[in-house]
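Protein chains in written order, with our numbering: chain D, 1 to 78; chain A, 79 to 300.
Be aware that a few hints might be false.
[Unchecked claim] Incomplete in silico selection of chain A near chain D, CB under 10 Å: (1) Y130; (2) Q134; (3) E137; (4) G204.
If you're looking for bench data, these hints aren't it; they were derived computationally from the structure.
Here the structure is a predicted model, which is why all the values come from computation and not from measurement.
Glycine included, every Cβ here is placed at the ideal spot set by N, Cα and C.
Read off the chains here:
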Amino acid sequence: MGCLEGDCHYNSGNLRARKRVEQVQKILDTIGIGGERAQMYNLSSSEGSRFAQIAVEMDEKIRKLGPNPIKLAKKKAA
Amino acid sequence: MIVADRKPIEEIIEEIKNHEKILILGCNECVTVCEAGGKKEVGVLASALRMYFLNQGREVKIEEKTLERQCDHEYLEEIRDVMDQYDAVVSLACGVGVQFMAEKYHTSPVYPGVNTCFLGATEKRGLWTERCQACGQCILARTGGICPVSRCAKRVLNGPCGGSARGKCEINKEIDCAWQLIIDRLEALNRLDDYEKIDPIKDWSTDRAGGPRKVEREDVQQ
Numbered sequence: 001m002g003c004l005e006g007d008c009h010y011n012s013g014n015l016r017a018r019k020r021v022e023q024v025q026k027i028l029d030t031i032g033i034g035g036e037r038a039q040m041y042n043l044s045s046s047e048g049s050r051f052a053q054i055a056v057e058m059d060e061k062i063r064k065l066g067p068n069p070i071k072l073a074k075k076k077a078a
Numbered sequence: 079m080i081v082a083d084r085k086p087i088e089e090i091i092e093e094i095k096n097h098e099k100i101l102i103l104g105c106n107e108c109v110t111v112c113e114a115g116g117k118k119e120v121g122v123l124a125s126a127l128r129m130y131f132l133n134q135g136r137e138v139k140i141e142e143k144t145l146e147r148q149c150d151h152e153y154l155e156e157i158r159d160v161m162d163q164y165d166a167v168v169s170l171a172c173g174v175g176v177q178f179m180a181e182k183y184h185t186s187p188v189y190p191g192v193n194t195c196f197l198g199a200t201e202k203r204g205l206w207t208e209r210c211q212a213c214g215q216c217i218l219a220r221t222g223g224i225c226p227v228s229r230c231a232k233r234v235l236n237g238p239c240g241g242s243a244r245g246k247c248e249i250n251k252e253i254d255c256a257w258q259l260i261i262d263r264l265e266a267l268n269r270l271d272d273y274e275k276i277d278p279i280k281d282w283s284t285d286r287a288g289g290p291r292k293v294e295r296e297d298v299q300q
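Make a model of the complete structure from these sequences and hints.
In structure tokens, the structure reads:
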């Protein structure tokens with residue numbers, strides 16, 4: 001979660017965070033984990049309901065994707 | 079400094095996929111500054127590889143270490159005692175470090191984890207640009223401190239060429255014409271008379287044209 005673009009206390013911190021999340025997504029895609037498991041959202045501190053909505057959305061998405069394949073692989077290996 | 083860029087993880091995976099005990103070896107010097115092969119990048123690559131192999135159902139030991147430098151015997155010696163624990167090394171040092179590592183531990187496969195790009199400067203975080211081609215005969219004194227060998231696409235020594243327009247190079251409108259920069263700089267230094275002097279033919283034997291080079295200093299040798 002980052003502040004709205006152009007409204008970051010650290011000026012460009014949220015823009016850098018977005019680039020880094022994109023980088024993480026690429027790595028996760030490459031190694032077969034799935035980049036969609038990491039997502040960047042921007043919202044202001046007054047958007048409590050939006051925060052909750054995003055959390056629900058992300059929860060649904062992750063459940064649909066299923067457990068982290070690494071966890072399954074670890075269990076199998078154990 | 080030597081500027082490098084990260085290699086795609088899939089390329090590294092392809093190289094090391096048949097190994098089982100791998101050391102990811104970073105370098106604390108240039109590649110740390112250009113954020114391609116320092117301790118942080120070693121950590122990211124090692125984690126990604128661990129996850130990849132685990133996901134493939136393979137047990138591959140991936141360990142991390144970062145040396146002060148990989149282009150000096152004394153630092154490479156620090157891993158001599160542990161080298162027998164690995165069957166491959168991915169070196170995130172520049173091409174010099176990778177080769178020195180391979181020479182020193184010649185029975186261990188060493189794979190490059192970065193692409194070594196050029197000798198350059200940090201313009202700002204995340205932006206590195208070329209400044210030197212190590213031609214072995216520095217002419218910066220005559221060119222106002224701006225190098226036409228590295229910054230002119232044609233390496234023209236008495237420029238600019240006909241492809242210079244409005245201060246930009248014909249190969250890319252975003253690239254400054256090195257000779258325009260040189261003229262502007264000489265003008266600022268009140269040395270435009272120097273620009274009128276024709277540079278003699280450069281001795282390129284000290285550049286790559288003369289084959290692999292060496293610098294030997296008997297006065298500092300032991």
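ask   = Checked against the structure, which of the hints given earlier come out wrong?
value = none
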